[in-house]
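Visitor: Sequence:
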Amino acid sequence: MKSIHKIFIILLCTAAVAGCKKSFLDRPSNSQISSTNFYKTRSDLRLATASLYGGSLWWQWSNGALIPLGDVLSGTGSFQYSNDLVQLFTRTITAQNGLVTNGWVGLYNVIGQCNGVINAIEKQADPSISAADKNAAIAEAKFVRAVAYYHLAVYWGAVPIIEDNSKLIKEPLLPRNIITDVYKFAANDLTYAAQYLPKTDEKGRVTTWSAQGMLGKVYLTMAGVGKSGSRDQALLDSAKKYAGNVCKNSGLSLLPNYADLFKAQYNDNQESLFSLQWAAGVGYGNGNNIQTYFSPSSAILPQKQGGWQALQPTYDLYRMYSAKDTVRRKATIMLNGDLYPELDQANGGFKATGSGLKKHIIGNEKDNNSPTMDIWSSIEHNAILRLADVYLVYAEAILGNNASTSDGEALLYFNKVRARAGVDIATAITPTSMRTERRVELAFEGQYWMDLVRYSYYDPSNAVKFLNDQDATHGRISFTYDPATKIATRDTIAPPSTLPATINSFTLPIPSSEITSDPKLSQPPVPYY
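Residue numbers (the numbering used here): 185 to 713.
Where hints are given, some of them may not hold.
[Said to hold, decoys possible] Derived CB-CB ranges, DEER-like: (1) SER266 with SER645: 26 to 36 Å; (2) THR510 with THR700: 42 to 52 Å; (3) ALA507 with LYS704: 31 to 41 Å; (4) SER266 with SER506: 23 to 33 Å; (5) THR510 with ILE677: 25 to 35 Å; (6) LYS508 with ASP591: 20 to 30 Å; (7) TRP492 with ALA668: 23 to 33 Å; (8) LYS383 with ALA668: 48 to 58 Å; (9) PRO356 with GLN529: 44 to 54 Å.
[Said to hold, decoys possible] With a cut-off of at most 20 Å between alpha-carbon atoms, the simulated DMTMM-like pairs for lysine to aspartate or glutamate come out as follows: (10) LYS224 with ASP317; (11) LYS368 with ASP317; (12) LYS447 with ASP522; (13) LYS318 with GLU306; (14) LYS508 with ASP608; (15) LYS535 with ASP444.
Source of the hints: derived by calculation from the structure; they are not laboratory data. As the structure is a computational prediction, the values presented were derived from the model and not from experiment. In this text, a Cβ means the ideal position worked out from N, Cα and C, and glycines have one as well.
All chains, please: the whole structure from these sequences, using the hints.
Guide: Dropping the structure here:
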C-alpha cells in the first residue's frame, strides 16, 4: 500500500488530469496529458477538474472505506466474518486494518490530485484564460479537497494538512495539525468555492449550492469541537446561514420518489449536490464496485458475479423505521419476501429471501441498458452530499443547543424529508429525533458514523452511552423477518465480542504503514495557522 508521501510525490511527476470528450465521464487516462503542455484553454481547465469526480481517484475511498467506516462502525451494517470488517463492528480496530488504510490513503490520494490541479492552474494557466474561469476551476478543486479533509477530520481528528505537494520533496516528514485547524482549512476552501462556483453548471459538476451546503455541514460539526456540554453558537449560526441559503434560495427540490435516488437513470438528479461519477466497462480499480461487494445475491448482478461480503442490516437499524416508513426501508434494506421488479427484469424481478442491502444495488447490465457494465463498474453515481442532508443540517443548526424546537423553519425542512417518506409530520424536533431521522434517511450512504462523531464532540458521555446501549440490547446484530407475520426477530447467535465504547472509540487509529513512513504522525499535533 502506498503511503501518502509516495502518492504525493508521484503526483508531482504527472498532471494527473483527465476529462471529457463527448461526455463528462469519457476521461482519458491520467498519463495522457502532462502539466507542461496543458492548461492552455478553458476546455483544458474543465478537463483537469473533471478528473476530480470519480474513477481511480475515488475508487479506494468509495469502494474500500465509505460504507464500512460510515455504517459498520456505527452499528448500521452487521458482519460476522472478514477480519477487517469484524474489527470495525466490534471496536477492536488495529492500525493494520486494511479498510482504515483504504480510507486514509484514498482521501489523501484525492487531496494530492486536487493540490496538483490547483497549483498548476495558479502557476501555468495561459494568460488568455479569464480570471473567472480560473477561479471557477480552482473552486471545483478546493470543494473536492475540502470534502476529503472533512472526512479525515471526522474519522481521524488531527491529521496533516498538505496544500502543496512539492513541499514533501524537501520535508517528507509531516506532523499532524490540530483538529480545529483541519476543519478551518476545509471551511476556508468551501468559502472560496461558494464565492467562485456558478449557480448552475454541467450536470454532475458542483455549484455554489454544493459548496454552501457542505459549508453548513462543516460548521455544524465544528460547532461542537472542544465544547463539551454545548455547541458554539456563532458556528451554529454560520451553519444555519449557509445551509439555510441552499434551502431557501437555490431553487432546488427533493426528488419526489425516495427510491429513485438510488437508480442509475436518476443519476445527478436535482437533489444531488455532489455525487461521484462512474462509467461502465472501465476495469478494476476505476469503477463503482459497491454493489459487487455488498449485494445479498449474485443473481442480480452483472455477469451474475459478486455479492462477496453481503451486508446485513442490523436489528438496531431496523427498529429505527416506523410502521409507516416503508418507502425508505424498502429502498434501503431488503426483507424476506420483498419483490424488486427493477432487478433481474428479464426473469420477472428479484424476490428477497432474507435481509440484505438494497441501496446501491441497481441490477445487471440489462436492467440498466448498459452492455459494458460489469462487476467492476456499476453506473450508479453515489451521492456524497444531497439536498435532504442539507435540509436536516439546517434544521439541526436551528435546534442547536436546545432540548427541542418547534421553530417553523426547522420543521418546514425537517418535514419535507419526512413527507417524501410518507411518515407522520413532526410537531417538534429533539436531538434524538434528529439523529434517528438522519439515520433512516441516509443509511448506507456513509453518514451515520459522522453524525455520531459530531454528537461525541459536544456530549461525549451520552455519545459513549449510546454506543454501549447498542451492545447491551444486542441491537448490533442481524435479524430474521417473517413476511407472513411481518415480525422481525433478532438473531439468537451470540454477537462477536465487542469492546466497551470510550470517547477514544470515536477516533480511528492512523494506519501503521503511515506511521512507519512518517514517525512524526505519532507526535502531538501542532497548529497549522
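Visitor: For the pair supplied as a hint, LYS535 and ASP444, is the alpha-carbon distance within the 20 Å limit?
Guide: holds, 19 Å
Visitor: Given the range 25 to 35 Å, decide if the beta-carbon distance of THR510 to ILE677 lies inside it.
Guide: 27 Å Cβ-Cβ, so the 25 to 35 Å window holds.
Visitor: Run the distance test for LYS368 versus ASP317: straight-line Cα separation, threshold 20 Å.
Guide: Violated, at roughly 25 Å.
Visitor: Can the restraint linking LYS447 and ASP522 be considered satisfied, given a maximum Cα separation of 20 Å?
Guide: Judged against 20 Å, a Cα distance of about 17 Å means the pair holds.
Visitor: Between LYS318 and GLU306, is the straight-line Cα distance small enough, at 20 Å or below?
Guide: holds, 8 Å
Visitor: Using the C-beta atoms of LYS383 and ALA668, is the stated range 48 to 58 Å upheld?
Guide: Taking Cβ atoms as reference, LYS383 and ALA668 lie about 52 Å apart, which means the hint holds.
Visitor: Hint says 23 to 33 Å; check whether the CB-CB distance for TRP492 and ALA668 agrees.
Guide: holds, 31 Å
Visitor: Look at the Cβ atoms of LYS508 and ASP591 and judge whether their distance stays inside 20 to 30 Å.
Guide: holds, 24 Å
Visitor: Measure nothing beyond the straight line between the CA atoms of LYS224 and ASP317; if it is 20 Å or shorter, mark the hint as holding.
Guide: holds, 12 Å
Visitor: Note whether the CB distance of SER266 and SER645 lies within 26 to 36 Å or breaks it.
Guide: Roughly 32 Å apart at Cβ, these two residues keep to the hinted range, so it holds.
Visitor: Taking the CB of ALA507 and the CB of LYS704, does the distance hold inside 31 to 41 Å?
Guide: Given about 54 Å between the Cβ atoms, the range is violated.
Visitor: Given a hinted range of 42 to 52 Å, is it respected by the beta-carbon distance of THR510 and THR700?
Guide: About 50 Å separates the Cβ atoms of THR510 and THR700, which means 42 to 52 Å holds.
In this structure, the earlier hints numbered 3 and 11 are contradicted, and the remaining ones agree with it.
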